[in-house]
Every structure is written in C-alpha cells, then in structure tokens.
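The listed protein sequences correspond, in order, to chains A and B. If you're matching positions, the first sequence starts at 30 in the numbering used here and goes up one per residue. If you're matching positions, the second sequence starts at 30 in the numbering used here and goes up one per residue.
Just so you know, not all the hints are guaranteed correct.
Chain copies aren't distinguished; within one or between two, either way the pair holds.
Dumping the calculated SDA-like pairs for lysine to any residue here, alpha-carbon to alpha-carbon at most 25 angstroms [unchecked claim]: (1) K291 <-> A89; (2) K295 <-> R309; (3) K330 <-> E202; (4) K291 <-> Q280; (5) K291 <-> L269; (6) K291 <-> L276; (7) K291 <-> R54; (8) K291 <-> D303; (9) K330 <-> L57; (10) K330 <-> S240; (11) K295 <-> V306; (12) K330 <-> V87; (13) K291 <-> I262; (14) K330 <-> R309; (15) K295 <-> T283; (16) K295 <-> R307; (17) K330 <-> A163; (18) K330 <-> G319; (19) K330 <-> A55; (20) K330 <-> A83; (21) K291 <-> R307; (22) K295 <-> A106; (23) K291 <-> V306; (24) K295 <-> D285; (25) K295 <-> L187; (26) K330 <-> R239; (27) K291 <-> D82; (28) K291 <-> R309.
Worth flagging that the hints you see were computed from the coordinates, not collected in a lab.
Protein chains: 2
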Amino acid sequence: MTQPFSHVAIIGLGLLGSSIAHAVRAHLPQASLSGWDSDAQVRARARELALADAIPDVAADAVRGAELVIFCVPVGAMAQAAAAVAPGLADGVLISDVGSSKRTVANALEAALPGRTIIPAHPVAGTEHSGPDAGFASLFHGRWCIVTPPEGCDAALLARLIAFWEALGARVEVMDADHHDLVLAVTSHLPHLIAYTIVGTASDLEEVTRSEVIKYSAGGFRDFTRIAASDPIMWRDVFLSNRDAVLEMLQRFTEDLTELQKAIRKGDGDALFDHFVRTRAIRRSIIEEGQDDARPDFGRKHNGD
Amino acid sequence: MTQPFSHVAIIGLGLLGSSIAHAVRAHLPQASLSGWDSDAQVRARARELALADAIPDVAADAVRGAELVIFCVPVGAMAQAAAAVAPGLADGVLISDVGSSKRTVANALEAALPGRTIIPAHPVAGTEHSGPDAGFASLFHGRWCIVTPPEGCDAALLARLIAFWEALGARVEVMDADHHDLVLAVTSHLPHLIAYTIVGTASDLEEVTRSEVIKYSAGGFRDFTRIAASDPIMWRDVFLSNRDAVLEMLQRFTEDLTELQKAIRKGDGDALFDHFVRTRAIRRSIIEEGQDDARPDFGRKHNGD
Chain A
30 MTQPFSHVAI IGLGLLGSSI AHAVRAHLPQ ASLSGWDSDA QVRARARELA
80 LADAIPDVAA DAVRGAELVI FCVPVGAMAQ AAAAVAPGLA DGVLISDVGS
130 SKRTVANALE AALPGRTIIP AHPVAGTEHS GPDAGFASLF HGRWCIVTPP
180 EGCDAALLAR LIAFWEALGA RVEVMDADHH DLVLAVTSHL PHLIAYTIVG
230 TASDLEEVTR SEVIKYSAGG FRDFTRIAAS DPIMWRDVFL SNRDAVLEML
280 QRFTEDLTEL QKAIRKGDGD ALFDHFVRTR AIRRSIIEEG QDDARPDFGR
330 KHNGD
Chain B
30 MTQPFSHVAI IGLGLLGSSI AHAVRAHLPQ ASLSGWDSDA QVRARARELA
80 LADAIPDVAA DAVRGAELVI FCVPVGAMAQ AAAAVAPGLA DGVLISDVGS
130 SKRTVANALE AALPGRTIIP AHPVAGTEHS GPDAGFASLF HGRWCIVTPP
180 EGCDAALLAR LIAFWEALGA RVEVMDADHH DLVLAVTSHL PHLIAYTIVG
230 TASDLEEVTR SEVIKYSAGG FRDFTRIAAS DPIMWRDVFL SNRDAVLEML
280 QRFTEDLTEL QKAIRKGDGD ALFDHFVRTR AIRRSIIEEG QDDARPDFGR
330 KHNGD
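Here chain A stands alone, though its shape is the one from the complex:
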C-alpha cells in the first residue's frame, strides 16, 4: 500500500491517541509521527514510551510539516486544541479527529480553523482504560471507523483518510454527521448513561452495603461497572455535545422500561418472555459480524482456568 500520509500529528495522547501511534508504527512504519498533549506529565510519559518521533512542548511545533493532524481530545476540548496548533499548520494539511459526537465537533473545528480542510471521523473502538499507557496497536482491527465529510469536501483527501484508517485495520463507513450522532446515541451514549446510572444507584443504597454489591457483582452488575469506569471528562463532553439525540433515545428507553415494569407488576409472564426471546437474535448477529467475542462471558478468565 502507498503511504496515505507521510507525516501524521496526533494531538492528545490518551487511549485513542496512543493507540493510533502504536497502530501507525505497526502498519505505516515509514510515516513520520509527531504528538502533543496539553498535560506535561502525559507528554513526559509519552516520550518515555517513545509513542512518536517528536513530542515537543509547544503544540504548534507538533504539527509543523504534518499532512494529517488528528485531534484525540475530549470533544469539549477540540476548539482549544485546534487554536493551540493553528500557528504551526502546513498548507494543504488535512484536519481530522476521533470524537464520539460529530456535529458539534465539526462546527467547533470549522470555527477554530477557518479555511482548512476538515473531515471528522470516529473509530468505534475503545476500552475502559485511559491515558498514554492504555493504547495498543490492534484496537482498531475489525472495528468500524465512521467518517463524516462535510458537503463538497476534497475527494482526494477523503480517499486518503479512508486509506489511513483501513491501513490501521479498521473498516470505514461514510455517513452524515447528524445521522452518526443519532446512531451513536443508541449504540454507545445511551448504554454509557445507563451504566453510569445503575452503578450510582447501587452505590447509594442503604439496605444493601457496598461490600455486598461488590461481592455479588458477578450476577450481571459487574458488566456495567466496566463501562462506567470510562473517562469522566470524555463522557461529560459527549452528553453535552450530543444532547438532543441522547435525550431522544433516553425517552424511547424509558417508555420501553415502563412497559416491562408494568408487565412485572401485573405478573404478565408472557409479555416478559416474548420480550426476552426477541433480544437473543441481535447478539447472534453481532457475533456473526465479528463485533464481539463469541466465547461465553466475553472470554473472561475464571480463577483456576
């Protein structure tokens, strides 16, 4: 494969930024790689890990000569990061990002970097861990990266961005930013909101101690704690930036929950059974599509295995 970009700059060196760095090293080893993070400690750690060829202290220095600049910061921090690098941007550079909401990010980047070519993207991949030590090269393998080009954007640059993500092992889908925000509201944002809620509910009970919640978490609760251990700043920003779609999906969820609640109250076993049977099929499809581990319990280790 020809190199889609000869020099890539990664702004923000947390889980996503450091994973892109590892993946570029693994899959596009001839590309120059520079990086920056607003946190001096993260920059120092990223240098120890040799995440990039250069990790200067000044943001603008990190993007000099780069053909692709990817913002990997919380969506609420995009505008500030863009302003910080603006003085160093080369002519013809492509600006992209990995934010979990796309409409507000597109607007923020366009306002901060007028006249630049901006093609937002969102690799739908991650773990509950954060920071420069959390990244790994295979994070994007087999996952989807959604690219949301603005109308009339440069087709050659779009093709190169798609080639970049495919080189990192991702499958790419092109989508309108508003539709992205609706889709992700249900496949990602609502699940996180619900997980954060139930973990909070369980922590606050008087009749059940926190120690009991922890001990008996293998009954299902522990699954939610993984998602609810995700980065709080990132998720605060997601909910603020994709508010309307999240509230819309939450409304649907609440209606459905009320219906099941009523079935329980009335002792309507048939309604419960019919609902529970329906939801099995979608799990099978997710596994068939390679979007989850087919092993029981996600392949979790059992003590003594």
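Based on these hints, arrange chain B on the given structure of chain A.
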C-alpha cells in the same frame, strides 16, 4: 477433605446443573452422581456427555439413595420438579437448589416437600449460554454462593452444604432469604432488566437500522446484548418471583436516571462529571476482590491479536 455427600442428584441439566456435574467430577470424584431433566432430549444429550453415572427417565429414580438433591431448574418450575422426585427421596436427604430468587423458592419447596430438610442456595455465577453443553467445572471458582437456611435448620446438614460448595471452588455466605432477594435485585435482576430493555429499544428504532446497531455495537451496546442473550424462561421466572424487590430497585434507578437526564437537558457538566467520577471506584473494588477480569475490555479478543 472428607466427602460432604456420598451421592448427589442434580435435577435440571442446563448450564448450572451441568456445571455442578463437571465440578463434582473434578473436585469430589468419589461421589456418586445422578441426574434428571424434564426434557427427554436434554437427558439424551446429558447421557452422551456422561454428565452423571445415571440419568434415568423417571425423576423419582434419579434421587433414590441421594444424600443431596439440587434443583437446577427455572424458579417457576421448582414445585413441579419437587413433586416429580418426591416418591424417590431417601430419609434424611438434604434438598437444595440454585435459583436466583430465594423467598418464593423456599416457600415452593417447603409446600411441595413437607417435612423435608430444605436449605436453598444461590451460586452467583453463570454465562449467557444455556443447556447441557454449556456447563464447565470452573464456573464456581472464586464466585460467591449464598446459602439461605430457614430458621432452626439442621446445623450439621448446613455445614455439609457449605463444605460441598467450598469443594466446588466457591466462597460461601449465609444470608436471610429476604435480604438475598434485595441484594440480588440490584446486583443481578435490575441489570438484566435494563439490558433486556435497551436491546429491545435499539431493535425497534425506525431512524437507525438494525444493521447499524450491530455494526457500531462496539461503542458499548454489545456488552448489554450478552446479558440480554440469557435464558428467557429463567429470567421471566426471576422477575415474577422477586417482583417487589425488583420494582423497588427499579424505582431508585429511574429516579437517578431522571436526575442525569435533567443534568443533560440543563447542560450541567459539573453534575455529570461528579457522578461519572464516583462510579470508577466500585470497578476497582470488584477487580481487587477477584470478581472480574482486570484485563481491558474483559480480555476480549481483538481481531489480529
């Protein structure tokens, strides 16, 4: 260790029953093992798998001579299974079960088997798979088994039941049945109800296709589909049998969700952040207590790993 029971009968040969069979073979190899299932196909498959020394067609024959009979059937089927084995029960036999709710199961078994010693139990362990092929010997390793003895029950038999579960690798806690039902309502039943709800919600949208839900499920949604793939009959019965505690916990959850919904609507980032930070600690405790896999993403495989 001395053998807590020289002959164990397992009634119901699904995930839990077959796992107990494997675990008894692995950890108590001198014990005789008999089994039964109301489904003739399951009995035939269990014989092929050699899950027990004897798997007769008549339920009462499966418990003859057994010192411990464990019911591993959906909680709504306990009374019927108890009536089926009653004619074969030996004097002094201990009756137990693995049901996910304990008060209604205790009442059902006491009504079906008057005068017998009944000590209900609940190993808090499982996977999303069902049936006689799904079991494995290490399912209970390091997991908690909650035993709910009735007041004034035989202390020697209680000690032997505890020794049995410890031999299978579980840790044992003794608890009142009503408290069990409240604890499990939050650590298991409510999480399942919520998972079933959101998977249903996502399946029914008009604006987002099912194919999109599947493709982008790695954003968080796929985690919920695992739990929502659990056995529908088992879960129907759990919600019907632990109705009051589930409705109580659901009420708390809904209040907390409404609060976060309001924070999103008002754009109150501080309230969201404060909530999201709080929920990280409980994940750490669950991992420290050995109740979950510490690897990122539960140790899921990434394509190309």
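Hints and how they fare:
1. K291 <-> A89: neither (58 angstroms within a copy, 39 angstroms between copies)
2. K295 <-> R309: within (24 angstroms within a copy, 36 angstroms between copies)
3. K330 <-> E202: between (34 angstroms within a copy, 23 angstroms between copies)
4. K291 <-> Q280: Both: 17 angstroms inside a copy, 12 angstroms across copies.
5. K291 <-> L269: between (32 angstroms within a copy, 12 angstroms between copies)
6. K291 <-> L276: Answer is both; intra-copy 22 angstroms and inter-copy 9 angstroms each pass.
7. K291 <-> R54: neither (54 angstroms within a copy, 44 angstroms between copies)
8. K291 <-> D303: Within one copy only: 14 angstroms inside, 32 angstroms across.
9. K330 <-> L57: Classified as between: cross-chain Cα gap 23 angstroms, same-chain 33 angstroms, threshold 25 angstroms.
10. K330 <-> S240: Answer is within; shortest intra-copy Cα gap is 22 angstroms, inter-copy 31 angstroms.
11. K295 <-> V306: within (19 angstroms within a copy, 37 angstroms between copies)
12. K330 <-> V87: neither (44 angstroms within a copy, 37 angstroms between copies)
13. K291 <-> I262: This pair counts as between: shortest inter-copy Cα distance 18 angstroms, intra-copy 36 angstroms.
14. K330 <-> R309: Answer is both; intra-copy 24 angstroms and inter-copy 21 angstroms each pass.
15. K295 <-> T283: both (18 angstroms within a copy, 19 angstroms between copies)
16. K295 <-> R307: This pair counts as within: shortest intra-copy Cα distance 21 angstroms, inter-copy 35 angstroms.
17. K330 <-> A163: The answer is both: 20 angstroms in one copy and 16 angstroms across copies each meet 25 angstroms.
18. K330 <-> G319: both (21 angstroms within a copy, 10 angstroms between copies)
19. K330 <-> A55: Result: close only across copies, 18 angstroms inter versus 28 angstroms intra.
20. K330 <-> A83: neither (39 angstroms within a copy, 31 angstroms between copies)
21. K291 <-> R307: within (18 angstroms within a copy, 31 angstroms between copies)
22. K295 <-> A106: Between copies only: 20 angstroms across chains, 48 angstroms inside a chain, cut-off 25 angstroms.
23. K291 <-> V306: For K291 and V306, only the intra-copy Cα distance (18 angstroms) is at most 25 angstroms; the inter-copy one is 33 angstroms.
24. K295 <-> D285: Both: 15 angstroms inside a chain and 24 angstroms across chains, each within 25 angstroms.
25. K295 <-> L187: Close neither inside one copy (55 angstroms) nor across copies (36 angstroms); limit 25 angstroms.
26. K330 <-> R239: within (24 angstroms within a copy, 31 angstroms between copies)
27. K291 <-> D82: Close neither inside one copy (59 angstroms) nor across copies (45 angstroms); limit 25 angstroms.
28. K291 <-> R309: Within one copy only: 22 angstroms inside a chain, 32 angstroms across chains, cut-off 25 angstroms.
Of the numbered hints given earlier, the model fails hints 1, 7, 12, 20, 25 and 27; all others are met.
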